[in-house]
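Protein sequence lines, in the order shown, are assigned to chains A and B.
Residue numbers 1150 to 1629, in our numbering, belong to the letters of the first sequence in order.
Residue numbers 1150 to 1629, in our numbering, belong to the letters of the second sequence in order.
A portion of the hints provided could be inaccurate.
What the hints assert, rightly or not - With a straight-line cut-off of 20 Å between C-alpha atoms, the simulated EDC-like cross-links for lysine to aspartate or glutamate are:
1) A:K1207 x B:D1420
2) B:K1356 x A:E1449
3) B:K1403 x B:D1420
4) B:K1207 x A:D1583
5) B:K1356 x A:D1582
6) B:K1207 x A:E1585
7) A:K1482 x A:D1582
8) A:K1496 x A:E1506
Stated by the list, open to error - In silico negatives: residues of chain B with every beta carbon more than 12 Å from chain A:
9) I1246
10) P1251
11) A1270
12) L1338
13) D1434
14) E1457
15) G1476
Simulated from the structure, these hints should not be mistaken for laboratory data.
We put the CB at the ideal spot given by N, CA and C, even for glycine.
2 protein chains.
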Amino acid sequence: MPLTASVIDDLKKVAGRDNVITAPNDLRIFERDGSIEGAVPDAIALPSNTEQVAAVIKIAARHNIPIVPRGAGTGLSGGAVTIRGGIALQMTRMRRILEIDPVGQTALVEPGVVNQELSLAAAPHHLFYAPDPSSQKACTIGGNAAENSGGPHCLYYGVTTNHVLGMEVVLADGSVHWVSGDAADRIGLDLCGVLVGSEGTLCAITKIKVRLLRIPPSIATLLAAFPSIDTASQAVSAVIGRGIVPAALEMMDKVTVGAVEAHYHAGYPTDAGAVLLVEVDGVADSTRELMAAIRDVLSENQGYAMREAQTPAERDLLWAGRKGAIGALGRIKPNYYLHDGVVPRSKLPQVLSAVGEIGVHYKLPVANVFHAGDGNLHPNILFDLRDREVLQQVEEAGEEMLHAVVELGGALSGEHGIGLEKSAYMPWIFSPDDLEVMSRVKSALDPTGLLNPGKIFPDPERKKLPLAGRTGFAVEAKWW
Amino acid sequence: MPLTASVIDDLKKVAGRDNVITAPNDLRIFERDGSIEGAVPDAIALPSNTEQVAAVIKIAARHNIPIVPRGAGTGLSGGAVTIRGGIALQMTRMRRILEIDPVGQTALVEPGVVNQELSLAAAPHHLFYAPDPSSQKACTIGGNAAENSGGPHCLYYGVTTNHVLGMEVVLADGSVHWVSGDAADRIGLDLCGVLVGSEGTLCAITKIKVRLLRIPPSIATLLAAFPSIDTASQAVSAVIGRGIVPAALEMMDKVTVGAVEAHYHAGYPTDAGAVLLVEVDGVADSTRELMAAIRDVLSENQGYAMREAQTPAERDLLWAGRKGAIGALGRIKPNYYLHDGVVPRSKLPQVLSAVGEIGVHYKLPVANVFHAGDGNLHPNILFDLRDREVLQQVEEAGEEMLHAVVELGGALSGEHGIGLEKSAYMPWIFSPDDLEVMSRVKSALDPTGLLNPGKIFPDPERKKLPLAGRTGFAVEAKWW
Chain A
1150 MPLTASVIDD LKKVAGRDNV ITAPNDLRIF ERDGSIEGAV PDAIALPSNT EQVAAVIKIA
1210 ARHNIPIVPR GAGTGLSGGA VTIRGGIALQ MTRMRRILEI DPVGQTALVE PGVVNQELSL
1270 AAAPHHLFYA PDPSSQKACT IGGNAAENSG GPHCLYYGVT TNHVLGMEVV LADGSVHWVS
1330 GDAADRIGLD LCGVLVGSEG TLCAITKIKV RLLRIPPSIA TLLAAFPSID TASQAVSAVI
1390 GRGIVPAALE MMDKVTVGAV EAHYHAGYPT DAGAVLLVEV DGVADSTREL MAAIRDVLSE
1450 NQGYAMREAQ TPAERDLLWA GRKGAIGALG RIKPNYYLHD GVVPRSKLPQ VLSAVGEIGV
1510 HYKLPVANVF HAGDGNLHPN ILFDLRDREV LQQVEEAGEE MLHAVVELGG ALSGEHGIGL
1570 EKSAYMPWIF SPDDLEVMSR VKSALDPTGL LNPGKIFPDP ERKKLPLAGR TGFAVEAKWW
Chain B
1150 MPLTASVIDD LKKVAGRDNV ITAPNDLRIF ERDGSIEGAV PDAIALPSNT EQVAAVIKIA
1210 ARHNIPIVPR GAGTGLSGGA VTIRGGIALQ MTRMRRILEI DPVGQTALVE PGVVNQELSL
1270 AAAPHHLFYA PDPSSQKACT IGGNAAENSG GPHCLYYGVT TNHVLGMEVV LADGSVHWVS
1330 GDAADRIGLD LCGVLVGSEG TLCAITKIKV RLLRIPPSIA TLLAAFPSID TASQAVSAVI
1390 GRGIVPAALE MMDKVTVGAV EAHYHAGYPT DAGAVLLVEV DGVADSTREL MAAIRDVLSE
1450 NQGYAMREAQ TPAERDLLWA GRKGAIGALG RIKPNYYLHD GVVPRSKLPQ VLSAVGEIGV
1510 HYKLPVANVF HAGDGNLHPN ILFDLRDREV LQQVEEAGEE MLHAVVELGG ALSGEHGIGL
1570 EKSAYMPWIF SPDDLEVMSR VKSALDPTGL LNPGKIFPDP ERKKLPLAGR TGFAVEAKWW
């Protein structure tokens, strides 16, 4: 429903004339995020500070207009899609790093700061920000906090919630609060704990205080080939079972390795059934000792063609291949559909075999590139949207893959959130009673359901739509 | 208000005749926890399983009777005190370790399992449970989860919330839910995040799934003397500033060292102004390298008389001195009053100097023994309760110390919770608006305020009492 002229005028008064977008063609720019669905917002507001965020939300509350906070739009679960219309609250103009405290090892940032920029800014102090989504060149710290994002190095360092010490947030009534999640003063009820990862359904985030870590003095990065996904999975379990938690432990299957090697020439072994990328960090003696132990375990599990990066440039190249893997898959098909279910590590061979069979059944190529150490899958279903028939097949295959994950005792998402795309599957994991408790917390903080409606919680109406009815939108190739 | 015969009868029907205590003399056993205040409950229920917990809570809900879940009663903030009467829900009969999964490195336990018993049970699998409150020989995992407890090794390993993967909880309506806080499937709203540390105000905890860690292959423990608290504090900042996070980094002042040495003969240097106990763990090369670096930093900061434990027995003795320090202080005065404010590490010299001055002003001896690496103070105000005049002085001195902490940008509690004793100080940290948001979450999950009333949130009536009016209770010496 288009906003009235008077509401638009109010928005322009608080955010500035040039910071409110309502022209239909411009609105389409914000139609989607990195997921498969889209919807055009009624307006876009681009606030520059907390006061403007609070004022915009107050206007929305007064007129009962949905508000959808939004970062760089790299999310993979439809969290930033304005499925019920309303105002997209685009936070990327709030992109100042307000403080880096090298002694306390913290940073205070605005939500629009790009993930990688924070680590670059902290580097002169020999510090870095640990959570590193593969989209880190584009995604924002605010979006990361809203989605509780992960990344390859979260195996050792933990996900975003483990690094957020506090946040300034604006609630659905426009009130501004500081919530602290610092273990050192997590007193009273830990609201920060429930607001991180609430996917824009409980608050808009306007400032984030994060922990910075010392850049490790020594980093060792190893690529190893395996005859099959099964043997590589066994090696993953064996490494962790030996009591070693590497900084990162990533797997790529044969399809992915082929695409990556063609694109990056990083020296990935294209004959392998799967490769592992393993990284350890710490003091030099310790990384040498750990890497030697890891090489032994990998060898015992049929690992071969092991290659350790000898220079920082070689390390960067190995990682560029991993972090750019999904982009490289564009060589095979222009579009992909990606879920990020999690299984216990011991179930990796089973679930990957199920994923493979589902791909064969639907005649859809599937490429696996994922956080093996966490048991966090990323099966990429590859397709070409120009074949309009294929989309329903893709969604059904994705749903079957997630179902296989849940049947093996897994969870719907490791780091991409529930958003729009997985909300219908929440009842696979949660009883109606459990969901009701969650919705009581939602109602306590957002009684009218203003903030990011239609996300996380299953929508009874939406569920009744046939899958095909959900997909009238164009899907573009994504580069991250 | 005594419960009616019919309510008591109902309780006995669900929990068993012998598992409901109402005899006045027996009730007094549960009058207090490890804090300074007490109140006699109207009844004690000792449930054996989740169904009984749910049934007891449903009876309480029907009759609007307060419910106060309770573990071993070692808490230091009055969290388990039935200040509004009602039913003390004593969880210590639910003390089974239900599962230890050595591959997944997790344990599923009932809430009454004693902290140290879990590590002992996990030891044959070379695993341990990291959070280690000094009361770990007595305190329970359920109490730890309710209070988000810390301990010396939480500097490196994090507090309880970082180790809880999921919980079975009973809400105020008697409904039973599983909430997951596992980073691997923290999907939807992170209710586990807000329930851990909610101090019995949101739920009773009936099962806890925790992460177990590999016992490090090598542990190095060092005791170092310093001329003063100031120099020791500077050494603490210097170690962390060098990018080293030891597994534990504890400080004891001269008063404490004297008492500990008289009691344990652990070889603590009694001439020192302060001592640090530093521990690092990992693979052998790494601990050697780290400990060498730490020794250098300590030396540069006037550390002397450094002594590294050469055998596990020596290490145990050094730790016995630290963990038994508060008990040893009984040699000086029979009673103590203890707050656990937290300051930024860089503020340690300032806050300790303020604490000292407050002690002098009130003519009360103060012994400091605390988690220096975290900036988490534990000033023990020592007194003799037989001198009834002194108690008001003690509480006022404690309040002034906490005020000094907050003035230096610190927080009310690092690991002991807010409970009863610090609830009146919550407005020092939180605005009325902030507290109102917290109370909205409380109301969403416990609309009638049944669970542990009078805790965390400041009680306007209570605040008006003069300090002296709050203290009509006996205080016993505590041993942990």
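Assess, step by step, whether the Cα of K1496 of chain A is no farther than 20 Å from the Cα of E1506 of chain A, and give holds or violated. holds (16 Å)
Has the given pair, K1356 of chain B with E1449 of chain A, been kept, meaning a C-alpha gap of at most 20 Å? Given pair K1356 of chain B, E1449 of chain A is violated - Cα atoms ~38 Å apart, limit 20 Å.
Run the distance test for K1356 of chain B versus D1582 of chain A: straight-line Cα separation, threshold 20 Å. holds (18 Å)
Non-interface claim for A1270 of chain B: all C-beta distances to chain A beyond 12 Å? Holds: least Cβ distance 18 Å, greater than 12 Å.
E1457 of chain B remote from chain A - nearest C-beta pair above 12 Å: Per Cβ check, E1457 of chain B is outside 12 Å of chain A; nearest 18 Å; holds.
Classify the label on I1246 of chain B as holds or violated, using whether its beta-carbon is more than 12 Å from each beta-carbon of chain A. The claim stands: I1246 of chain B keeps its Cβ more than 12 Å from every Cβ of chain A (closest is about 20 Å).
Take the C-alpha atoms of K1207 of chain B and D1583 of chain A, compute the straight-line distance between them, and say whether it is at most 20 Å. holds (18 Å)
Once the closest CB in chain A is found, is it more than 12 Å from L1338 of chain B? violated (5 Å)
A cut-off of 12 Å on Cβ-Cβ distance, and D1434 of chain B was said to be off the interface with chain A. Does that hold? With a cut-off of 12 Å, D1434 of chain B comes too close to chain A, as the shortest Cβ separation is near 4 Å.
Given the hinted pair K1403 of chain B and D1420 of chain B, is their Cα-Cα distance within 20 Å? holds (8 Å)
Assess, step by step, whether the Cα of K1207 of chain A is no farther than 20 Å from the Cα of D1420 of chain B, and give holds or violated. The given pair, whose Cα atoms are some 63 Å apart, is violated under the 20 Å limit.
Run the distance test for K1207 of chain B versus E1585 of chain A: straight-line Cα separation, threshold 20 Å. holds (18 Å)
When the structure is compared with the earlier hints, violations turn up for hints 1, 2, 7, 10, 12, 13 and for no others.
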